[in-house]
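K.L.:
We have chain A; now place chain B onto it with these hints.
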Amino acid sequence: MLEVLGLKKHYGSLVAVNGIEFALQPGDIFGFIGSNGAGKTTTIKMLATLLEPTEGTARLNGIDVVMDPMEIKRRIGYMPDFFGLYDDVKVWEYLDFFATLYEVPARERPKVIDNVLELTDLSIKKEAFVATLSRGMQQRLCLAKCLVHDPELLLLDEPASGLDPRARAELKELIAELGRMGKIVVVSSHILPELADFCNTVGIIERGDLKAFGPVREVVKTIQTAKVIEIRLLEAAPEVSMFLHGKPHVTNTHMMGSTTVKVEFAGTEQDQAEMLKHLVDSGYKVTEFREEAADLEDVFLKVTTGAVQ
Amino acid sequence: MSRYSVKHLFVGNPMFAEVVREKNKAFAEHNWRGAQLAARVLLLVIYLFQLILTLRYVTYVEPFILMYVMLGLATILIPAGLHGAIAGDREKRSLDMLLVAPVTPGQIIIGKFGKTFLSLMMLIIAVGVPALVIELVKETASTSRFDLHISGVVGFFRALALVIATGLSMGGLTMWISSKTRSNSGAMLATVGALFVVLIVIPAIGGVMSALSPSASELLVSTNPFVLLYYAYNGDPNYGYPNLAENHGSFFLWPTITLMLLLTVFFLTLATENLRNIARGRVES
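Chains as they are written, first to last, in the working numbering: chain A, 1 to 309; chain B, 1 to 285.
No wet-lab data here; the hints were simulated from the structure. Worth double-checking, as some hints may not be accurate.
[Unchecked claim] Which residues of chain B face chain A? A partial, calculated answer using Cβ under 8 Å:
no., residue
1, Lys92
2, Val100
3, Pro102
4, Pro203
5, Ala204
6, Ala279
No residue lacks a Cβ here, since even glycine has one placed at the ideal position from N, Cα and C.
This is chain A alone, in the form it adopts within the complex:
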């Protein structure tokens, strides 16, 4: 279990992270969302022992990040947002070097290297020089490096930045697999669709404050005050907007062209059904009636103001 307890980082008068708190369980894939400069990397670096918190701490299965950084290092895998690899050695030599640093016994190293290469789909590149790998493969090699010591917590800072869509999809699948293996995965990103698919928990950070935290559904539900219903008609009816305005539970309407109207609706599903019936009874030929699902992007835009430090 990862517990983040009042983590603060100040640089003089600048508050980079302002006492954030949250807890994650094994198997959680936590999407850490925020604009550039919101405090994601600072938080991740503090969890990775690369930055001393000004106040507060974090514990991984009871081990304190501030008090026992060496033990924490044995239990985490960290992938920075920008990183370089030793590119004039072979892929397996690179992993062997880090496996040695992480005190993987010499006898087990070849098997461990084979396993992580298989998991990251790099087995075919085992004998290749790191310099010859594509950006996506280097990203996966860095992830493989993070896995050689079987860490309990993975800290991935913007892991998909600079990847093409295919490499991005492969990385998402890999991270989901790591979650299924029972690891706690913290993934930061400012590209929301990247996280929405595979994270089960999200946290939204802005100017060092954790604005929202919890399972994706709950966060979306908490933030969403009104649902949006899109109604499409067979024939043009610009007056339908006026017709719906003022009806029970309708808070706002917008015409989208001459045949489509978007309705902000605060009622229940029963109330929705009543409104549809009312429309049809009034002679409108409805071809489509659907609730627009709110996504992380909507939630993010609602929660944050766009301010950066």
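P.N.:
This is chain B only, laid out in the frame that chain A set:
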């Protein structure tokens, strides 16, 4: 705590894997192609050529000259090989990967410093061993074409100790500079600057000072490893300074070697402290 003891730096330090990585890098197949391969073959041919000539005309060659070659190479090769030890990782953004591994900053510094021993070992094999062979041949045959006082194998090992101490202190200085700089080129420039000061500016000041204060001048000049090497090998303390033996004699060699070893420890401690600050985020990586 045991992890902060001196022992943890040398016993079971996983960062010694760095030496294996360097070896893998040096013998990487793509480093053995084209111009790189040609350069290495050329170096080998030149080395073998001079080795054959040396052994063929052994009576004309004074081994201490080879020790000068070794000292010169040590002062160039070690800084050239080590200047990017930390700065290169910072420039490449690969330092964070090391800092989150369960190794202390001291272990990282010692692991990277291991390359100094590799360079010294290569020099000893390439230059020191032939010098020793010649020394033994000369000692057995008691021949020398020059009127020099040859102090034999003991002199050889005294000179070797000086070369090793110089190499280590150069390595320590370079590691410290590397830990303070963020780019390979910056570290290279700073290292060249430091060597220029240590090997040229300070002895030059010593030369200039000779008119004002002969003993201070002697002190500065005669602690220069290139001056000391002659004495170390030949046991002749009068090289360039007639009063040297009377004033200071053999006091210079071992104190200088000791000073160099202390400087090595001092610079490595400073480098470790710099890396510790980087590791805790007090200095940007």
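K.L.:
Hint by hint, say whether it matches the structure.
P.N.:
Evaluation of the provided hints:
no., hint, verdict
1, Lys92, "holds (3 Å)"
2, Val100, "holds (5 Å)"
3, Pro102, "holds (4 Å)"
4, Pro203, "violated (38 Å)"
5, Ala204, "violated (40 Å)"
6, Ala279, "holds (7 Å)"
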